[in-house]
Amino acid sequence: MCGIVGLHLKNPALQPELGRLFVPMIEAMTSRGPDSAGLALYDDTGMHVVKDVGLPRDICAAHDIASRSGYQAVGHTRMATESAITPEHAHPFTPAPGLALVHNGSFSNHASVRRNLAFDGITCTTDNDSEVAARFIGREIARGADLEDAMRMVLKEFDGFFTLLVTTATQFAVLRDSFACKPAVIAETTDYVAMASEYHALAELPGITDARIVEPEPERVYAWSR
Amino acid sequence: MTDPTQAGLRESATFDRATIAGIQRAAETGVYDIRGWGAKRAVPHFDDLLLLGASMSRYPLEGYRERCDTDVVLGDRHARNPLHLDIPVTIAGMSFGALSAQAKEALGRGATEVGTSTTTGDGGMTPEERGQSKNLVYQYLPSRYGMNPDDLRSADAIEIVLGQGAKPGGGGMLLGQKISDRVAGMRTLPAGIDQRSACRHPDWTGPDDLTIKILELREITDWQKPIYIKVGATRTYYDVKLAVAAGADVVVVDGMQGGTAATQEVFIEHVGIPTLAAIPQAVQALAELGLHRKVQLIVSGGIRTGADVAKAMALGADAVAIGTAALIALGDNHPRYADEYAKIGSAPGYYDDYQDGRDPAGITTQDPELSARLDPVEGGRRVANYLRVLTLEAQTLARACGKAHLRNLEPEDLVALTIEAAAMARVPLAGTSWIPGQGF
Ligand SMILES: Cc1cc2nc3c(=O)[nH]c(=O)nc-3n(C[C@H](O)[C@H](O)[C@H](O)COP(=O)(O)O)c2cc1C
Chain A
1 MCGIVGLHLK NPALQPELGR LFVPMIEAMT SRGPDSAGLA LYDDTGMHVV
51 KDVGLPRDIC AAHDIASRSG YQAVGHTRMA TESAITPEHA HPFTPAPGLA
101 LVHNGSFSNH ASVRRNLAFD GITCTTDNDS EVAARFIGRE IARGADLEDA
151 MRMVLKEFDG FFTLLVTTAT QFAVLRDSFA CKPAVIAETT DYVAMASEYH
201 ALAELPGITD ARIVEPEPER VYAWSR
Chain B
1 MTDPTQAGLR ESATFDRATI AGIQRAAETG VYDIRGWGAK RAVPHFDDLL
51 LLGASMSRYP LEGYRERCDT DVVLGDRHAR NPLHLDIPVT IAGMSFGALS
101 AQAKEALGRG ATEVGTSTTT GDGGMTPEER GQSKNLVYQY LPSRYGMNPD
151 DLRSADAIEI VLGQGAKPGG GGMLLGQKIS DRVAGMRTLP AGIDQRSACR
201 HPDWTGPDDL TIKILELREI TDWQKPIYIK VGATRTYYDV KLAVAAGADV
251 VVVDGMQGGT AATQEVFIEH VGIPTLAAIP QAVQALAELG LHRKVQLIVS
301 GGIRTGADVA KAMALGADAV AIGTAALIAL GDNHPRYADE YAKIGSAPGY
351 YDDYQDGRDP AGITTQDPEL SARLDPVEGG RRVANYLRVL TLEAQTLARA
401 CGKAHLRNLE PEDLVALTIE AAAMARVPLA GTSWIPGQGF
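Those protein sequences? They're chains A and B, same order as listed.
Each residue of the first sequence is one higher than the last, beginning at 1 in full-length UniProt numbering.
Each residue of the second sequence is one higher than the last, beginning at 1 in full-length UniProt numbering.
Excised from the complex, chain A in its bound form (with noise of 0.2 Å):
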């Protein structure tokens, strides 16, 4: 339905390839996600983002995105299910600053949640499910919870399918629903974090067939700080 992919540099030496490495990772889940795509780059002046619809390639190379650098980037190729196809509706959802969500999935119970928080005086821009999680995740850590509590706590509150990738400034974290049954796959070396729907958009990376591999596991929060 969907494609997410996430790079998080330890190596700060990589960091002026992030979107050299990054844009084939997104390409690669051009056929997850034909209609929109999104993604969002961190350095050190703030976190970039970028939405349209269309093809991945065509909205990396409108933003020359091969040529930034920055220390972390998440990324989205989204298949519609119930909502408008428009660059609003594209993934990823930032509803605070520093913090972005990419989703593949779908929320069963999003209505209640998002009548939880309109009750709270936190609106939703769109009709889009991601979107009530990611503001979800705003309040827990506007209310002090950091990103980790935060996302457990999706899991007491949201039901349906997800992968997520949640990200801050300083945090890369990635959550499957207990069925688990949304891909994802998990890359680490000692240079990166890497983190995609399916392997072969982590394939190009450097150093990529000594990395440790990971399928996460359902109802675990998979965290890294920097």
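FYI, nobody ran anything at the bench for these hints, they're computed from the structure.
Keep in mind that this is a model prediction, so the values were computed, not measured.
Any given hint might turn out to be false.
What the hints assert, rightly or not - Taking lysine to any residue and the SDA-like style, the derived pairs with C-alpha atoms no more than 25 Å apart in a straight line are:
| # | chain 1 | residue 1 | chain 2 | residue 2 |
| --- | --- | --- | --- | --- |
| 1 | A | Lys182 | B | Arg67 |
| 2 | A | Lys10 | A | Asp44 |
| 3 | A | Lys156 | B | Asp86 |
Based on the hints, put chain B with the ligand in the right spot on chain A.
For chain B with the ligand alone, coordinates are given in the frame of chain A:
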């Protein structure tokens, strides 16, 4: 008997045969009709709603491998010991007096076997019922029959009854033929004489004094027991807000179809609003207070199947309660009693004379011979079976909607088949995005 319509005769829709019989009976006797059961007229109900199962945009869950939880916590707003039930289907309050001691015991056994609660009624707590019920809700009613602090303390939760869906604004009734010495003793009233209990509580008249009453009950029970408030569905939006303001942990809303042991026919059929219309009002009240699913909502009145359970929960109920259906599970209206029903002027599927104590199934009676027909152990097994089926059916539907817990069903999973049901339940007419009453 030949069918009169074959001869071209036409029955009146306004003066149908039941109406004619009612007029004839009134003219003959000069008294109004009192009966049991609930409203018999058709009103918009859960059958007028459908669930949107998952297909492509959502994923369903696998029936036999993937879990769909059913537990519910009731009363954790203020009570130190909230009830934690395994299933969200509870047994509604039905009095000892209306029901035999065996029937009460069977309901307790059935509920306990599947991890849910049962409820006393207008007549106090019997030792059989307490003994066989792991979770027993104690009703506190205007009549105060059988009320005492020891029973309050031995209960697992307290339900303050303001009204019943079958007769909002009316009090209890138990006719003399059912008032045996034991029933009379528990109520400290004479045997064999009709009892009519008060329609409102004697020691408080509004939500202001009710707040004080609830504090009193909390003191008596050391703040341990959840306190429910039960209302018959009428001005449900306001009643639920007031119940919360008065300090309830749980609100029970009983729709107009809800069963009764004995009430005036005119009351049963003409007062209150359908269960379907009451739930959205109650949920709106709770949501506006930010307390939906924090003060739990139990809904009753016409719950029959797991589909009803799932739909009530999708509309926002945390749990449901059953009365009539539990009696049917025990054997009420069973065809095996056809001959005996005929002798008392009724038939299987029609029997509603719970008030007169001659129930062939031995459930709504105090007659020692009739009540001995119901074996509490066997009855408990049947109730447990039925509760299991309700739960499995509700899970089947929730899984189809992609829910790993029944409580995650939501109104967005529902559509309505009729404009009336759409307007009352506040869900769109199937295939449209139109919710009547909320614009286009
Ligand atoms: C035989 C019988 C006795 C009842 N006794 C009481 C009672 O003592 N107190 C009360 O609050 N409700 C009483 N009720 C109403 C039930 O608690 C419940 O609200 C109703 O039965 C739910 O509707 P249903 O019968 O369609 O499931 C009684 C109902 C029946 C059928």
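### Query
In ascending order, which of the hints set out earlier in this document are inconsistent with the structure?
none
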